[in-house]
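Chain B: place on chain A using the hints.
Residue numbers (numbering that gives the first Met the number 0), protein chains in the order written: chain A, 0 to 294; chain B, 0 to 439.
Each hint should be verified, as a subset may be incorrect.
[Said to hold, decoys possible] BS3-like, lysine-lysine: derived pairs with alpha carbons at most 30 Å apart:
{"id": "1", "chain 1": "B", "residue 1": "Lys-338", "chain 2": "B", "residue 2": "Lys-322"}
{"id": "2", "chain 1": "B", "residue 1": "Lys-409", "chain 2": "A", "residue 2": "Lys-66"}
{"id": "3", "chain 1": "A", "residue 1": "Lys-143", "chain 2": "B", "residue 2": "Lys-180"}
{"id": "4", "chain 1": "B", "residue 1": "Lys-115", "chain 2": "B", "residue 2": "Lys-338"}
{"id": "5", "chain 1": "A", "residue 1": "Lys-155", "chain 2": "B", "residue 2": "Lys-240"}
In short, the hints are calculated from the structure, not lab data.
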Amino acid sequence: MTLKEKKETRSALLFASPWVIGFCVFLAYPLLASIYYSFCDYSVLRPPVWIGLRNYTNLFQDEVFYKTLSNTAIYAIFALPLGMLVAIGLALLLNTKVRGLAVYRTIFFLPSLVPMVSLAVLWLWLFNGENGLVNIGLGFLGIKGPNWLSDPEWSKPALILLSLWGTGNAMVIYLAGLQDVPVQLYEAADLDGASPWDKVRNVTIPMISPVILFNLIMGIIGTLQVFTVPYVMFPGGSPARSTYFYTMYLFDNAFRYQKMGYACAMGWIMFVIILVLTMVSLRLSEKHVHYGGGA
Amino acid sequence: MVNRSLFPALGLIGVAATAWYSERLTAPEVRPGPVRITYWEKWTGFEGDAMRAVVDEFNRSQDEIFVELLTVSGIQDKTLLATSGGNPPDVAGLFGPNVAQYADNMAVMPLTEFCKEAGIGPEDYIPCYWDIGFYKGEVYSLPTTPASTALHYNRALLKAAGLDPDRPPKTIEELDAYAEKLTKRNGSRIEVSGFLPNEPGWWNWSWGYFFGGTLLEGDTITANSPENIRAYEWIQSYTKKFGAGDIQAFRSGFGNFSSPQNPFMSQKVAMVLQGVWMYNFISQFAPELDWAAAPFPHPADRPDLAEPTLVDLDVLVIPVGAKHPKEAFEFIKFVQSQKGMELLCMGQRKHSPLREVSPGFYEKHPNPYIRLFTELAYSKNAIPAPKIGIWPEYQAELNSAFDEVYLMRKTPKEALNYVQARMTPLWEDYLLKQKLREQR
Numbered sequence: 000m001t002l003k004e005k006k007e008t009r010s011a012l013l014f015a016s017p018w019v020i021g022f023c024v025f026l027a028y029p030l031l032a033s034i035y036y037s038f039c040d041y042s043v044l045r046p047p048v049w050i051g052l053r054n055y056t057n058l059f060q061d062e063v064f065y066k067t068l069s070n071t072a073i074y075a076i077f078a079l080p081l082g083m084l085v086a087i088g089l090a091l092l093l094n095t096k097v098r099g100l101a102v103y104r105t106i107f108f109l110p111s112l113v114p115m116v117s118l119a120v121l122w123l124w125l126f127n128g129e130n131g132l133v134n135i136g137l138g139f140l141g142i143k144g145p146n147w148l149s150d151p152e153w154s155k156p157a158l159i160l161l162s163l164w165g166t167g168n169a170m171v172i173y174l175a176g177l178q179d180v181p182v183q184l185y186e187a188a189d190l191d192g193a194s195p196w197d198k199v200r201n202v203t204i205p206m207i208s209p210v211i212l213f214n215l216i217m218g219i220i221g222t223l224q225v226f227t228v229p230y231v232m233f234p235g236g237s238p239a240r241s242t243y244f245y246t247m248y249l250f251d252n253a254f255r256y257q258k259m260g261y262a263c264a265m266g267w268i269m270f271v272i273i274l275v276l277t278m279v280s281l282r283l284s285e286k287h288v289h290y291g292g293g294a
Numbered sequence: 000m001v002n003r004s005l006f007p008a009l010g011l012i013g014v015a016a017t018a019w020y021s022e023r024l025t026a027p028e029v030r031p032g033p034v035r036i037t038y039w040e041k042w043t044g045f046e047g048d049a050m051r052a053v054v055d056e057f058n059r060s061q062d063e064i065f066v067e068l069l070t071v072s073g074i075q076d077k078t079l080l081a082t083s084g085g086n087p088p089d090v091a092g093l094f095g096p097n098v099a100q101y102a103d104n105m106a107v108m109p110l111t112e113f114c115k116e117a118g119i120g121p122e123d124y125i126p127c128y129w130d131i132g133f134y135k136g137e138v139y140s141l142p143t144t145p146a147s148t149a150l151h152y153n154r155a156l157l158k159a160a161g162l163d164p165d166r167p168p169k170t171i172e173e174l175d176a177y178a179e180k181l182t183k184r185n186g187s188r189i190e191v192s193g194f195l196p197n198e199p200g201w202w203n204w205s206w207g208y209f210f211g212g213t214l215l216e217g218d219t220i221t222a223n224s225p226e227n228i229r230a231y232e233w234i235q236s237y238t239k240k241f242g243a244g245d246i247q248a249f250r251s252g253f254g255n256f257s258s259p260q261n262p263f264m265s266q267k268v269a270m271v272l273q274g275v276w277m278y279n280f281i282s283q284f285a286p287e288l289d290w291a292a293a294p295f296p297h298p299a300d301r302p303d304l305a306e307p308t309l310v311d312l313d314v315l316v317i318p319v320g321a322k323h324p325k326e327a328f329e330f331i332k333f334v335q336s337q338k339g340m341e342l343l344c345m346g347q348r349k350h351s352p353l354r355e356v357s358p359g360f361y362e363k364h365p366n367p368y369i370r371l372f373t374e375l376a377y378s379k380n381a382i383p384a385p386k387i388g389i390w391p392e393y394q395a396e397l398n399s400a401f402d403e404v405y406l407m408r409k410t411p412k413e414a415l416n417y418v419q420a421r422m423t424p425l426w427e428d429y430l431l432k433q434k435l436r437e438q439r
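Excised from the complex, chain B in its bound form:
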């Protein structure tokens, strides 16, 4: 008879053997040669392909470093968890507006010294894009692809409404007048809308800036400034004109953004605020659409606010705890070169965040309005998301205020006073904790 105590022992050996073997199977091969660095990026599809081409080009260009590109969904959360677990990737592709939060938590390395050594500086970039990565005196991230926004409008619908398709609205007042002319109703049902302030609804927080407002001045929250209130009054004017219920019913018939049922592409909304990427979607889902892009209008009494544009950036960072920061920066440096950057931006059909572009970049570029988006990025009224560690919370609060105003549940003043009253102590608390953290 077999000794019974043999079973547990055998079991343990089995478990150990499995663990050892699976570790061996999944561990990267160790071989002499290039330093392998990992790079996590969010993109898929053609945007992912564009970055892969850049990575391949870098890997071919030298034999010291080999970059392994991994497509990661939910990149923020995963980078956060991997960093706190002490096992982050060497390079991560984050969203520009999140960098302040990461930097405050010392989760990303300052790149200032690396940049100095490599001769990378503000003079190389369109100013607003350089600024996004610059926080509290340090460079924390460098750009990959940028985006600016403009008014996209449906030329055919303008023509049909008796408006000149070559003369898009220049002021907010004109925009409102156009919107009224373009809106078509069948009884109480809206069939076509000229413009809706919450379409696509991604930047509901931003309207104050279009009226000269800000959300933060120095260390003070300025949510309820007169300019912001004016912006929210403008937002509410659309509800007053077209009816909260009617707009809700109309909007609920919209399909997904990335589909032929997108309201702009299916000609349900004639004018939208959209980014440089919109061309990609139009050419995919509605190639026949007769459209154009122009700078977004500004209030007639504030000509100083002309050519407003929201600017956003995808960025590269080196998380704290990365095993090969030096090699990681070599790769980032390659992406910042004109060659790397144009390969990427042309592949993603965006403009370049660099000041210098190679001859023929614009001529070769498929987006007919690409020059406009570059010019807009130089505008003095370029609007980045505020660099503030509590931005996700601030944004959620502003979105909620937008809803309240848009649905006529609160006056603009009430809604923004509420945001102000809520965010001020939160912000003070955050600053205090930040100070305490820095002291230790």
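In isolation and in its complexed conformation, chain A is listed as follows:
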């Protein structure tokens, strides 16, 4: 290395140091520490004590752990595809050429800017069984709305519906993907006499498939980690633990029950679950995702 190169390396490292230090102190260290703590009895207030796999074996016998896992899975299974369908649908609609498009795009994106806690408080009112706007609306249609917030059968559906409120982000990403689809392909399809649906199925979807995959993976991560809205709307996962999600149980273990080691173990199990699901979706999608640049 010449003197100049050395000097440059030094400056580069120096300029990158805020990030490097931040990464080590605020990400790498806590990450590694939490692996260690997951094998410890650790109350935060007392030094951790190594207990081997005990946290993990206890977790696999913990009924509440399974309950929260199944609640989370049910939520994800419904909220994720529904959210993707709505986001793609909206993006397709907003990709047409009509007047005032920018206004529509803004309107559909705006809700996803509302902070989660305000969102939760707002929907507490909308879902109110007696005076909520949702049930009043249903009343006009002659349907007697359920007690969304206090009936264990309806609390999860309420949250799944509510999750659509935040599709704006995914929608914008789809929209960007849609605008990258080459016009020639549509023109060629037109020449071949393709119907609008044929074009969506055979041109649009394959062309935006990488975007769909991206949103799918982000969606898996997002829905499995759902926390803020149910935490505010349903204290303690009420009614009857029907909205007690994985992250809420993790949080309670860490900060209310002072079982930080147990909570760390839960965190790492969730990490593995997400990792596996992501790998599976990457593997399954190999044949269906079409990367324009590479092929």
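Just chain B now, kept in the frame of chain A:
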């Protein structure tokens, strides 16, 4: 041309200078004089003002110690984190039922020696309040403001239902009969309810005690004792009578507790179990309400359970690692004096946890039922939250069981057997870990 290596150097100097200056700006001034101690407390509003008055009075009364009062939200979590980080406040105002958990983790200092020196002992306090701070042979916390609970009822609604407003229900059976008479329906819709076991729903864990049950005997979890099952059967009788769906719909129309839409204040529920603080909210949001308070009813076949009352306490502790424990206790001692305590409790409009009260305390007190709340605290059926390190988890489990029973998803026996089966190994595990910790 300026040497390029100067830029990073200048940058570093800039960062260092900013750090140094901001540290200087935020660091407390060091000056000779009184020892400054920090005190974190949860209260805001008039309750916070009452404590501030006590702190000011203490600071004026001497010039050795200066207490800095900081209002802190989420006091438990923050005290926990500050203590584990080794930088706790000198005094923290926690909730009574959390002290066992903190003590088991050696996060709060035992105050036994300090108390002995200062001549503070059980004889000074109403017994149930002293007991809350006493754990495993040590005093870990001393009271600030206490609370006991009583049946609050709407006299006007009783009158309208043809009941004598001067004769509130004395037994659970009477309470049920009153509740039926007071409940008004319009079709399937409930318009007024006499009583609901989950209103306000803050003590869903506690109903077993009203029927003679306990949650812990020695080191044994007793969630599914016959008394507790009886209590949960009583809870379910309300669902059976009024319908789970109808009650849900009715309850979902309730506003926030601290608002004029509170179901008791808006005359939707005629009788509720509430604490000494309820008067404050009524006088703020529904001053016209014609109400009264009386001891909560007991089962007719258990006259020995008369005058049951839930007792709760806000407490002061000294976290382990506090820099000035001695000075901190001086302040706590001042709060425990009759003068300090009455200033605080009168300001918060509660009763005093001390046995002795100054002449005129009750006469001056705005709450017309304040004597009742003091008398109830002396009741042999005063019910504190169990002092058990896994209380937050136990409570969550009981709340979940309550939901299952109330919504008719499980029988009382099933629900409580589940709690028993779940909590017993958790509790044994906790005791074992506790033992291991103590050995080291």
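Taking the hints in turn, this is what the structure says about them:
no. : hint                     : verdict
1   : Lys-338/B with Lys-322/B : 27 Å, holds
2   : Lys-409/B with Lys-66/A  : 16 Å, holds
3   : Lys-143/A with Lys-180/B : 28 Å, holds
4   : Lys-115/B with Lys-338/B : 20 Å, holds
5   : Lys-155/A with Lys-240/B : 27 Å, holds
In summary, the structure agrees with every hint in the numbered list given earlier.
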